[in-house]
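Under our numbering, think of the first position of the first sequence as 29, with each following residue one higher.
Don't take each hint at face value.
Per label pair, the in silico range of CB-to-CB distance [unchecked claim]:
hint : residue 1 : residue 2 : range
1    : F351      : Q303      : 24 to 32 Å
2    : E433      : K182      : 51 to 59 Å
3    : H168      : K304      : 46 to 54 Å
4    : E416      : E318      : 41 to 49 Å
5    : K109      : E318      : 19 to 27 Å
Rather than coming from a laboratory, the hints here were simulated on the basis of the structure. Don't be surprised by glycine CBs; every beta carbon is placed ideally from N, CA and C.
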Amino acid sequence: MRLFDMLQWRGFVHQVTHPELADALEKGPMTLYCGFDPTADSLHIGSLLPIMGLAHFQRAGHRVIALVGGGTGLIGDPSGKTDERSLMTKEQVAAYVEGIRRQLEYFLRFDGPNPAIMLNNADWLAELPLLDFLRDIGKHFSVNAMLNRESVRKRIEDREHGISYTEFSYSLLQAYDYLHLCREYECRLQVGGSDQWGNIVAGMDLTRRLLGTDTFGMTFPLVTKADGSKFGKSEAGNVWLDPERTSPYRFYQFWINQADADVPRFLRFFTFLSQKEIEALEACIQSEPEKRAAQRRLAEEVTRLVHGEDALAGAVKASQAVFGGALQGLDEATLNEVFSEAPGTELPRAVLAEGRALLDVLVGAGVFSSKGEARRMVKSGGLYLNNERVDAEDARLTEQALITEHIAVIRTGKKNYHLLRFV
RNA sequence: GGUGGGUUGCCCGAGUGGCUAAAGGGGACGGGCUGUAAACCCGUUGGCUUGCGCCUACCGUGGUUCGAAUCCACGACCCACCA
């Protein structure tokens, strides 16, 4: 299958500037780039789609450039934003660039044959003399046309928010990037999110005018969910690629919990599984949805890709423990990670020695607001200690309640956890 | 400014002197079922003790009464109609 057809089958193609791109890609290696905004020190899964896109190009033998916007990040892209953004400091942006650079290295090969290239547009934008820029670049942009751009027009019509000259100029800078990369790296294609269409086209125009080179542009679709909610958010907030921000366990769980209706698309987007494999998994969703083989495979593939084999094994093990029942055998570090979002209470070890009444301790720890509520919970079979149902209202808390050196895991209902740490 | 109606537990809402910790619904929580889903079914939903016991509760304050969410007075707030 041709690369372009494969991308189309996977759903990566939202818009293309020229249909000829499909053939052009078959004629030999092409250089392409995609920009990443340093708006935080980590990418979140919203950036996963462009990253996967780049990876497909690299696998097909094309030369990919990952451009981190260390320069444009200082200005701020107005695309899709309703408010003027507050400027970030140079130090902040520099730090973010570093964080993002490290993460991209997990997805793209930067060594061996046909290595990917990582660039930072601060390297050329920061040096750009203002007068030269205005004469050589600015001359080619019609303000009339720019005012018609959706992202700009909205902001101008809305007196509440407005748009500063700084953000208005953003598109020129991104256009200049394309020009620069075309000149220095023979870059012929820019890809990006669907909100980047305008910026991409602006870059192509500039490149044609100044270099006489025809280039391509292509955008990826916005990732949507069948139920209309926003992709990329979990109950705990944004899902990040940085394991410090979103633990591999949470990450794995995020994918496991995707709806049946979304999984086929997500398998195409976020895994390298073949068409055959994906179609087989789709058949499973139809024939035996309760097994959720597709979700499991999706979670496995993406977690392995982002966090590696070891982290995946840990996440699977933790998931089995939490949802399968037995907590025994998990170490303290894993427990703390799995329950990192669950509330916890520190208690003196003496409590165990005294053998205090479990319900009293739980009321004290804020698990229940009254003893009556605690009793009711036990009566209806909703209280668990280390995932084993507590059925005696007068149960006492002793050393035996500990699952590890310091921890006892309290659960009410299906998934409300509370950790008791004895120090 | 006048007249009439209202203020109930997390929310809505029944309740017009004792049988009312207060119907019913929603929500929430728990159990069952299940696919770490949806739907559905059952249960719980003031506190303390848990066997019938006590305490605190129906806007606030005071009163009538053996007994008041329920009657009366005053106050606060809300709504409607009239000016």
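Consistency of the hints with the structure:
A hinted range of 24 to 32 Å holds for the C-beta pair F351 and Q303, which are about 31 Å apart. The supplied range of 51 to 59 Å is met by E433 and K182, whose beta-carbon atoms lie about 58 Å from each other. Remark: the range hint 46 to 54 Å for H168 to K304 is upheld by a beta-carbon distance near 48 Å. Range check, E416 to E318: about 25 Å between beta-carbon atoms, so the 41 to 49 Å window is missed.
Checked against the given bound of 19 to 27 Å, the beta carbons of K109 and E318, roughly 42 Å apart, lie outside it.
The earlier numbered hints that this structure contradicts are 4, 5.
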